[in-house]
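Protein chains: 2
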Amino acid sequence: MSALEDLLAHERETTALAQVAGRLGWDQETVMPAGAAEQRSEEMAAMEAVLHARRSDPKVGDWLAEASAEDAVGAAQLREIGRAHARATKVPARLASEIARVTSVAQGEWAAARAADDFAGFAPRLAEVVALKREEAAALAGDRTLYDAMLDDYEHGTTAAELDAMFGALRPRLVDLRAAILNGPQPTLPELGRFDEAGQLALASEIAGLFGYDFTRGRIDKAVHPFSSGSGADVRITTRTDPADPFNCLYSTLHEVGHATYEQNIDPDLALTVLGQGASMGVHESQSRLYENQLGRSRAFCGWLHGRLRDRFGDAVPERADTFYALVNRVHAGFIRTEADEVHYNLHVLMRFDLERAMISGDLAVPDLEAAWNERFAADFGAQVDRASNGCLQDVHWSVGLFGYFPTYTIGNLYAGCLFAALKRDLPDLDTDLARGDPGPALLWLRDKVQRNGAVPEPKALIEAATGAAPSAGPLLDYLEAKFGDLYGL
Amino acid sequence: MSALEDLLAHERETTALAQVAGRLGWDQETVMPAGAAEQRSEEMAAMEAVLHARRSDPKVGDWLAEASAEDAVGAAQLREIGRAHARATKVPARLASEIARVTSVAQGEWAAARAADDFAGFAPRLAEVVALKREEAAALAGDRTLYDAMLDDYEHGTTAAELDAMFGALRPRLVDLRAAILNGPQPTLPELGRFDEAGQLALASEIAGLFGYDFTRGRIDKAVHPFSSGSGADVRITTRTDPADPFNCLYSTLHEVGHATYEQNIDPDLALTVLGQGASMGVHESQSRLYENQLGRSRAFCGWLHGRLRDRFGDAVPERADTFYALVNRVHAGFIRTEADEVHYNLHVLMRFDLERAMISGDLAVPDLEAAWNERFAADFGAQVDRASNGCLQDVHWSVGLFGYFPTYTIGNLYAGCLFAALKRDLPDLDTDLARGDPGPALLWLRDKVQRNGAVPEPKALIEAATGAAPSAGPLLDYLEAKFGDLYGL
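Chains A and B supply the protein sequences, listed in that same order.
The first sequence begins at 10 in my numbering and counts up one residue at a time.
The second sequence begins at 10 in my numbering and counts up one residue at a time.
Among these hints, one or two may not hold up.
To be verified - To list a few chain A residues with every Cβ distance to chain B over 10 angstroms, as calculated:
{"no.": "1", "residue": "His61"}
{"no.": "2", "residue": "Lys68"}
{"no.": "3", "residue": "Leu73"}
{"no.": "4", "residue": "Leu87"}
{"no.": "5", "residue": "Val100"}
{"no.": "6", "residue": "Ala102"}
{"no.": "7", "residue": "Asp278"}
{"no.": "8", "residue": "Pro327"}
{"no.": "9", "residue": "Glu384"}
{"no.": "10", "residue": "Val394"}
{"no.": "11", "residue": "Ser398"}
{"no.": "12", "residue": "Gly477"}
Stated by the list, open to error - SDA-like cross-link-like pairs, simulated, lysine to any residue; straight-line CA separation at most 25 angstroms:
{"no.": "13", "chain 1": "B", "residue 1": "Lys231", "chain 2": "A", "residue 2": "Leu210"}
{"no.": "14", "chain 1": "A", "residue 1": "Lys68", "chain 2": "B", "residue 2": "Arg103"}
{"no.": "15", "chain 1": "B", "residue 1": "Lys68", "chain 2": "A", "residue 2": "Ala97"}
{"no.": "16", "chain 1": "B", "residue 1": "Lys231", "chain 2": "A", "residue 2": "Glu206"}
{"no.": "17", "chain 1": "B", "residue 1": "Lys99", "chain 2": "B", "residue 2": "Gly31"}
{"no.": "18", "chain 1": "A", "residue 1": "Lys68", "chain 2": "B", "residue 2": "Leu60"}
{"no.": "19", "chain 1": "A", "residue 1": "Lys492", "chain 2": "A", "residue 2": "Gly312"}
{"no.": "20", "chain 1": "A", "residue 1": "Lys68", "chain 2": "B", "residue 2": "His61"}
{"no.": "21", "chain 1": "B", "residue 1": "Lys231", "chain 2": "A", "residue 2": "Gly44"}
{"no.": "22", "chain 1": "B", "residue 1": "Lys68", "chain 2": "A", "residue 2": "Pro101"}
{"no.": "23", "chain 1": "B", "residue 1": "Lys99", "chain 2": "B", "residue 2": "Ala140"}
{"no.": "24", "chain 1": "A", "residue 1": "Lys68", "chain 2": "B", "residue 2": "Glu57"}
{"no.": "25", "chain 1": "B", "residue 1": "Lys231", "chain 2": "A", "residue 2": "Asp230"}
{"no.": "26", "chain 1": "A", "residue 1": "Lys492", "chain 2": "A", "residue 2": "Gly343"}
{"no.": "27", "chain 1": "A", "residue 1": "Lys68", "chain 2": "B", "residue 2": "Arg64"}
{"no.": "28", "chain 1": "B", "residue 1": "Lys68", "chain 2": "A", "residue 2": "Ala54"}
{"no.": "29", "chain 1": "A", "residue 1": "Lys231", "chain 2": "B", "residue 2": "Arg226"}
{"no.": "30", "chain 1": "B", "residue 1": "Lys231", "chain 2": "A", "residue 2": "Ala43"}
{"no.": "31", "chain 1": "B", "residue 1": "Lys231", "chain 2": "A", "residue 2": "Pro42"}
{"no.": "32", "chain 1": "A", "residue 1": "Lys231", "chain 2": "B", "residue 2": "Glu38"}
{"no.": "33", "chain 1": "B", "residue 1": "Lys68", "chain 2": "A", "residue 2": "Ser65"}
{"no.": "34", "chain 1": "A", "residue 1": "Lys231", "chain 2": "B", "residue 2": "Asp223"}
{"no.": "35", "chain 1": "B", "residue 1": "Lys231", "chain 2": "A", "residue 2": "Ile229"}
{"no.": "36", "chain 1": "B", "residue 1": "Lys492", "chain 2": "B", "residue 2": "Arg445"}
{"no.": "37", "chain 1": "A", "residue 1": "Lys231", "chain 2": "B", "residue 2": "Thr250"}
{"no.": "38", "chain 1": "A", "residue 1": "Lys231", "chain 2": "B", "residue 2": "Lys231"}
{"no.": "39", "chain 1": "A", "residue 1": "Lys68", "chain 2": "B", "residue 2": "Met53"}
{"no.": "40", "chain 1": "A", "residue 1": "Lys231", "chain 2": "B", "residue 2": "Thr225"}
For the record, the hints were derived by calculation from the structure and aren't laboratory data.
We put the beta carbon where it would ideally sit given N, CA and C, even for glycine.
With the hints as constraints, model all of the structure from the sequences given.
Next up, the structure:
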């Protein structure tokens, strides 16, 4: 066998093992008995040790040095395998295991601190996590900043400076749009009725199928948090229900279907290779947001969905489709990112991006985070944070060391804006299709331009090839201003 | 760290990874999407390769050579780790992977052959499996016979010659008992009514809890075949329901609860070590059979169970408890091992034991298996096999290379006979307890004498320590003759 063949055979097993580790995570969130948590953490750690050892194996380095690619796919394989190998060899095993240990402890302490609204008590542990992640970033950074090294883990090829340019365009127009909406007259919207769980789950499954989710290679289960998990032929999603709010179940399902069908639609020839997954966190999020918002919350599709909900739930749903559309897209102030509407969502992310960069650079000391958070929130959202669980303790990410992760949410939203503008240009009948409950042509467009390629293209190149332009904030802003300008009569 | 500490740390990770591999098996039988089968086989193969590499790691050999145990548990650790290391190093990786590949293909072909009742078409593949397993056994056997080397994989320390002695005592008395029952007058038993699935599953869960199954460290799901899976803090079982036959669900659940509580009751200090599992396949089966039969199908417990079933299912259940007891224990001729009553069950196993030994020794050519099976069945069961799916194609075991596995079922039955005789001697109030639905004292006895010890003692020594006598067939035969003599008025 050639060095390339040896390398790919080794990597195929590594990828299969990574799928197994991912499925353990699914199991933990859906079916694991509560008493198995401690044993499970040892099982996960053992899997991570196996994966780290395989990725940092000196044989991989030798093969990489010797192998040469014959085509673009082969070159992408070498690029991604080389990246994982370089990362695994640069971070000392001692540090990796210390990070795993401390973040595991910190996750439990964060949950307790959030429940007690006690940021000060948690700050020392968070400072320890920040210090360890800085040490890790220093091992990886080379001539980059620490934060750029962190960002690279989730969105390769993107720097904080580039994000500054895109996000800088985003924030003022979002703040203005938000103010214009909330300072204007508010529509009077009716209360929804009650929605039984079985009915919600059945409709969520129907809509998942409508948006191309292949149940022969996936399944939907209930979990506390909705998520998508797995690649290739086994991509599972979870959802949740709230009897007073069917949109929670429906739109979180549609969001996860965006992630999951992305994985399911990747060229099967890439399965069980490093390229058989989404191109980046940002591109992944672009698909989930497109399904959920640009398609799922469009006036055209809401018209069709309104009919289906009326069929199933009767008068629990308002009679008029335009009232329903206004309810689905209601803009309202709130503290919590995961409950935010399309106008507020990215403002939540942008403040996290700025705050985490400041913590990593050392400009913001961890004990000062709560005050900095509350000040920024007041500036962008016009409201005082009342308690830490509504403020800087609301998300788990920082406690478990995920610095550089938050911005990928907004990158995904910007990519979704770019892709949707191109999709509408290419599909003039989009609204007609959506109005009769047929997202098929849009899904085919996304499959062809984005999904089937897996991780062969790098993220920015993928968006540029799909849309004809480099990614920017303009299309998302134009879309939001048009949609909500129309809805709120601005 | 000392060599022993190094070895145990390495082994702990191996055991955790083995738990992960086992859970993949659970996932496959319960929740895996159908389209994931091919990807799953690669995931399983990758996990097996990791486990094999860890067990055969030369470092393990070095540690084993250097390590010395300070107590009985340490000695047992070294014994079991040494055994797994020796096995993994003796079988060439090429052969191990060829066996995995061929048996994987053979499993599908067996299912097709069984559906078509075509043994002749399947025989060449089975012959290939036999040849590969003989080659593997030759690598392992040393100065033992090939079959003894196979048996050692499932019931360490037991030889075919020892089984001949025990099984030789079993067969004639079972054949006589069977003939006496079926040639005598048969009781007139009523038909059962219909039993809804939810009611069956609820009662099965209640009985699982009654027999000590800890749901915080386990769960019950539906699957085509009932099984128990996992060790330590995550031990899951499956069951199935038949609306016309509630005993299928109840007694298969109770059987799996025997396996599962054995795992759950092992000393937590042994968790995630090679000793944190049952002592052997035979000892495992002794627990499942005891729960299912000696306790679960006793006249005393059936009296209590009858009341619970009447409460839940009303007139679908006969009015009289003794009619119910007779139904639960009805002896009836049949072709299928997994549906056999207590009198017939071991006759099914004994014929498989003799036939597989003959195939492995070469005395029976694989193409002649069907004729040999049918001849032996006629001799022991007094009936002509009508088709291969009712005969030599009914079980999957041989197709997937499990030679030496069948006898552990009967070993388990014999061990259950020995243990039950000792348990009754030690617990004179057993029937009183069972009659009020309290298996507690019996469970405590089993926990103390058998379960908590995990794999520290070797199987025969464990039974001898628990009962005061070496294992033999006498106690099971005495129990069966007394129980069914009483029931059938012999």
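Tested hints:
The Cβ of His61 (chain A) lies farther than 10 angstroms from every Cβ of chain B, with a closest approach of about 12 angstroms, so its non-interface assignment holds. No beta-carbon of chain B comes within 10 angstroms of the beta-carbon of Lys68 (chain A); the shortest separation is about 13 angstroms. Here Leu73 (chain A) stays apart from chain B, with its beta-carbon at least about 21 angstroms from theirs, past the 10 angstroms limit. Once the 10 angstroms rule is applied to beta carbons, Leu87 (chain A) is consistent with being away from chain B; the minimum gap is 21 angstroms.
The non-interface label for Val100 (chain A) is consistent with chain B: the shortest C-beta to C-beta separation is roughly 19 angstroms, beyond 10 angstroms. Non-interface call for Ala102 (chain A) relative to chain B: holds, since the shortest CB-CB distance, roughly 14 angstroms, exceeds 10 angstroms. Every beta carbon of chain B lies more than 10 angstroms from that of Asp278 (chain A), the smallest distance being close to 14 angstroms; the non-interface claim holds. Non-interface call for Pro327 (chain A) relative to chain B: holds, since the shortest CB-CB distance, roughly 36 angstroms, exceeds 10 angstroms.
At roughly 45 angstroms from the closest C-beta of chain B, the C-beta of Glu384 (chain A) stays outside 10 angstroms, upholding its exclusion from the interface. Distance check on Val394 (chain A): its Cβ is at least 37 angstroms (rounded) from any Cβ of chain B, clearing the 10 angstroms threshold; non-interface status holds. Consistency note on Ser398 (chain A): stated as away from chain B, and its beta-carbon is indeed over 10 angstroms from all of that chain's, at 28 angstroms minimum. Annotated as non-interface, Gly477 (chain A) keeps its C-beta farther than 10 angstroms from every C-beta of chain B; the closest such distance is 35 angstroms.
As the CA atoms of Lys231 (chain B) and Leu210 (chain A) are separated by approximately 21 angstroms, the hinted pair is consistent with the 25 angstroms bound. Using a Cα cut-off of 25 angstroms, the hinted pair Lys68 (chain A) and Arg103 (chain B) holds, with the two alpha carbons roughly 21 angstroms apart. Of the pairs offered as hints, the one joining Lys68 (chain B) and Ala97 (chain A) holds, with about 23 angstroms between alpha carbons and a cut-off of 25 angstroms not exceeded. Using a Cα cut-off of 25 angstroms, the hinted pair Lys231 (chain B) and Glu206 (chain A) holds, with the two alpha carbons roughly 22 angstroms apart.
Under the criterion of a C-alpha separation no larger than 25 angstroms, the hint pairing Lys99 (chain B) with Gly31 (chain B) is consistent with the structure, at around 23 angstroms. With a CA separation close to 19 angstroms, the supplied pair Lys68 (chain A) and Leu60 (chain B) stays within the 25 angstroms bound. For the suggested pair Lys492 (chain A) and Gly312 (chain A), the alpha carbons sit about 15 angstroms apart, so the restraint of at most 25 angstroms is met. A threshold of 25 angstroms between alpha carbons decides the hint, and for Lys68 (chain A) with His61 (chain B) the separation of about 19 angstroms falls inside it, so the pair holds.
A hinted pair counts as satisfied when its Cα atoms are at most 25 angstroms apart, and Lys231 (chain B) with Gly44 (chain A) qualifies at roughly 21 angstroms. Using a Cα cut-off of 25 angstroms, the hinted pair Lys68 (chain B) and Pro101 (chain A) holds, with the two alpha carbons roughly 22 angstroms apart. Pair hint Lys99 (chain B) plus Ala140 (chain B) holds up; C-alpha atoms about 17 angstroms apart against a cutoff of 25 angstroms. Between Lys68 (chain A) and Glu57 (chain B) the CA atoms are separated by roughly 21 angstroms; this keeps the pair inside 25 angstroms, and the hint holds.
Distance hint between Lys231 (chain B) and Asp230 (chain A) is fulfilled; the C-alpha atoms sit about 16 angstroms from each other, no more than 25 angstroms. Straight-line distance between C-alpha atoms of Lys492 (chain A) and Gly343 (chain A) comes to about 20 angstroms, which keeps the hinted pair within the 25 angstroms bound. Among the hinted pairs, Lys68 (chain A) with Arg64 (chain B) is consistent with the structure: their alpha-carbon atoms are about 21 angstroms apart, no more than 25 angstroms. As the CA atoms of Lys68 (chain B) and Ala54 (chain A) are separated by approximately 21 angstroms, the hinted pair is consistent with the 25 angstroms bound.
Taking the CA atoms of Lys231 (chain A) and Arg226 (chain B), the gap is near 20 angstroms; set against the 25 angstroms cutoff, the hint holds. This hinted pair checks out: Lys231 (chain B) and Ala43 (chain A) have alpha carbons roughly 20 angstroms apart, not beyond 25 angstroms. For the hint linking Lys231 (chain B) to Pro42 (chain A), the alpha-carbon distance of about 16 angstroms falls within 25 angstroms, and the restraint holds. At most 25 angstroms may separate the alpha-carbon atoms for a hinted pair to count; Lys231 (chain A) and Glu38 (chain B) meet this at roughly 19 angstroms.
Note on Lys68 (chain B) and Ser65 (chain A): the hinted pairing holds, with a Cα-Cα distance of about 19 angstroms set against a maximum of 25 angstroms. Between Lys231 (chain A) and Asp223 (chain B), the direct Cα distance comes to roughly 23 angstroms. Compliance with the 25 angstroms bound is thereby established for this hinted pair. Our distance criterion of 25 angstroms between C-alpha atoms is met by Lys231 (chain B) and Ile229 (chain A), whose separation comes to about 17 angstroms. A hinted pair counts as satisfied when its Cα atoms are at most 25 angstroms apart, and Lys492 (chain B) with Arg445 (chain B) qualifies at roughly 20 angstroms.
Proximity of Lys231 (chain A) to Thr250 (chain B) is assessed by CA-CA distance (about 24 angstroms); at most 25 angstroms being required, the pair is judged to hold. Of the supplied pair hints, the one linking Lys231 (chain A) and Lys231 (chain B) holds, its CA atoms being roughly 17 angstroms apart against a limit of 25 angstroms. Between Lys68 (chain A) and Met53 (chain B) the alpha-carbon distance is near 23 angstroms, which keeps this suggested pair within the 25 angstroms criterion. This hinted pair checks out: Lys231 (chain A) and Thr225 (chain B) have alpha carbons roughly 19 angstroms apart, not beyond 25 angstroms.
Every hint from the earlier list agrees with this structure, and none is contradicted.
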